[in-house]
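Between the sequences and the hints, there should be enough to build the whole structure, so can you do that?
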Amino acid sequence: MKVEFWGQEFKVNMVVGCIGGFLIAVLSSMFGFGGGPFMVPLMTVALRLPMYIVVGSSLLAIFFNTSVSTIRHYQFGNFDLIFFLAMFPAAILGGYIAPQIAKRVSPLVVKRVAVVGLTLLALNLLGVY
Amino acid sequence: MKKRTWILPWVMAAAALLFGSNTMAADETKAAPAGDASAAPTITIDKSEISNGGVIKVTGKAPAGKPVYLEVWAEGHDVRASRFDAEPDKDTGKRPYIFYITGEMPAYYKIFVPKDLKKVIDEEKKLGNKWSYSKLLKDLGADAAYSVPAKIKIDRHQSSLMASIIGSRGPLLEAMDEKQNRGRSMQLVKARFRSIGNVFAPEIDLKPDGSFTAELTLRKGIAPGEYKIAAVVDKQTRSEVKTFENKISFPTVYLANAGTSLNLIWPFLLTLAVAIFGVLMGAGGGFIMNPLLLALFPALPHTVVAGTVTPTVLFSQGSGIFNYSKINFISWKLGCGIGAAMLLGGFIGPKLTEMITLAQFKFAFGWILLILAALMAWQTTPGYLASNKKEQAILKEFKKRAEEAAKKK
Chain A
43 MKVEFWGQEF KVNMVVGCIG GFLIAVLSSM FGFGGGPFMV PLMTVALRLP MYIVVGSSLL
103 AIFFNTSVST IRHYQFGNFD LIFFLAMFPA AILGGYIAPQ IAKRVSPLVV KRVAVVGLTL
163 LALNLLGVY
Chain B
143 MKKRTWILPW VMAAAALLFG SNTMAADETK AAPAGDASAA PTITIDKSEI SNGGVIKVTG
203 KAPAGKPVYL EVWAEGHDVR ASRFDAEPDK DTGKRPYIFY ITGEMPAYYK IFVPKDLKKV
263 IDEEKKLGNK WSYSKLLKDL GADAAYSVPA KIKIDRHQSS LMASIIGSRG PLLEAMDEKQ
323 NRGRSMQLVK ARFRSIGNVF APEIDLKPDG SFTAELTLRK GIAPGEYKIA AVVDKQTRSE
383 VKTFENKISF PTVYLANAGT SLNLIWPFLL TLAVAIFGVL MGAGGGFIMN PLLLALFPAL
443 PHTVVAGTVT PTVLFSQGSG IFNYSKINFI SWKLGCGIGA AMLLGGFIGP KLTEMITLAQ
503 FKFAFGWILL ILAALMAWQT TPGYLASNKK EQAILKEFKK RAEEAAKKK
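Line by line, the protein sequences give chains A and B.
Here the first sequence is numbered in my numbering, starting from 43 and rising by one per residue.
Here the second sequence is numbered in my numbering, starting from 143 and rising by one per residue.
There are no misleading hints in this set.
Computed from the model, here is a short list of chain B residues facing chain A with C-beta under 8 Å:
| no. | residue |
| --- | --- |
| 1 | GLY449 |
| 2 | LEU456 |
| 3 | ILE472 |
| 4 | LEU476 |
| 5 | ALA483 |
| 6 | PHE540 |
Take a look, some chain B residues computed to stay more than 10 Å from chain A by CB distance:
| no. | residue |
| --- | --- |
| 7 | SER193 |
| 8 | VAL197 |
| 9 | LYS199 |
| 10 | ASP231 |
| 11 | TYR251 |
| 12 | LEU315 |
| 13 | GLN322 |
| 14 | ASN323 |
| 15 | GLN329 |
| 16 | PRO350 |
| 17 | LYS377 |
| 18 | PRO440 |
| 19 | GLU546 |
Only pairs whose alpha carbons sit at most 27 Å apart, straight line, appear in this in silico DSSO-like list of lysine-lysine:
| no. | chain 1 | residue 1 | chain 2 | residue 2 |
| --- | --- | --- | --- | --- |
| 20 | B | LYS532 | A | LYS53 |
| 21 | A | LYS153 | B | LYS504 |
| 22 | A | LYS44 | B | LYS532 |
| 23 | B | LYS468 | A | LYS53 |
These aren't lab readings, by the way, just hints derived from the structure by calculation.
Positions of the beta carbon are idealized from the N, C-alpha and C atoms, including for glycine.
Written as structure tokens, this is what we have:
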């Protein structure tokens, strides 16, 4: 498939994109996360697209997945309104506060902290400690 | 020859036991009609109200020399429990792939047993996740006490690969008979309450004369409303049911779907912290939010965690898309193309969530997080940083152009 973006044309291997996207979608909707950190590498590394087309478009692709999975989770009775109302304002507030902090911290440090934190969380889930 | 003489005393002993128990049983049936009212245990509880959990003191009297069990359940609040049976059948070796689900499981259910049975419970605890509710009931002799969940309505769905692909639970099978229902309900009790400590506790102090006292500790976070308690000796002899109430007050709120009450301040603060950190590290908060919630609030079922975090993530994505679309920085063709494939995935995923157990959920999520950690670690390597710098510069340049173009309009 050919995609035009800001005056440049890219060739996209939709077979790889769709299979990869599908697998990420199943996992992300199953476990209730966004999927962005997997989609971006898929589109930049596997599809060889430049970052500037990926940032917005990957978000759009994930949005489809998240909205359907929200409906499905709701159908299956997995959605708890009060719990949601406790988390939702906090998520919005966090979205406003974060950019202000972002100017003051190095993204590299944040990423490294995240690596350590994620590994610890993973080991906790796997029952290592 | 030797063997036979060795066996003989055993056979005799067994015969003696059989006869002995026979005569005992006969005695019992004779005695029962005569002293029916006196045989039924009596109980009194020291208070009729607790506030977000607490201790209830029970005193009572039962026929001497028999174990007494206290069955406690939440009356007004039911929760869902489900179990996917894919274990091979013992006789045929075939996997049944049947999905059991009920909406009538009491939000709280626990059987308190005499203190001297602590050993039995501890023994089963050693099995870890593999403990069996029905076996433990039998070992504790508490079979007769198990009554409330035995009557819940359980739906059975015949799952198949095809049904899973189209995201359906599969066709509904005919209802089970009473005995089957009782057996399956025990598995659902385990699926719902998970750990032995949640459903059994050795708390009853039983005196030889049949009087007993027990201090029942009801944990924080249980459903509000009416609770019932009954003392049970065997199937025919149950005490009358006593009622007490659990009160909770804001900000502790009962989550109906999760079947647990929670102080709402904690999830709020947690989400705030995770959302900030999520934006900084460039990943949605869902990755950190789900495992943290599971670790910090073990009472929340993983289905509810996944099902409630997803819409929270949805809105942050929505606002992101809105911001990018304002400056026309989205390739709609590319996004919708891959989005179509992801749409299908999103249809199937939530179905799978409810088919797996918490242990499987944790295991898979653990590996996903490890992969994510590896991805992020790769993104901090010098080689990646160098190429990323160029990419980011191009990204900024294009974004600037886009913003200017949007302003001109």
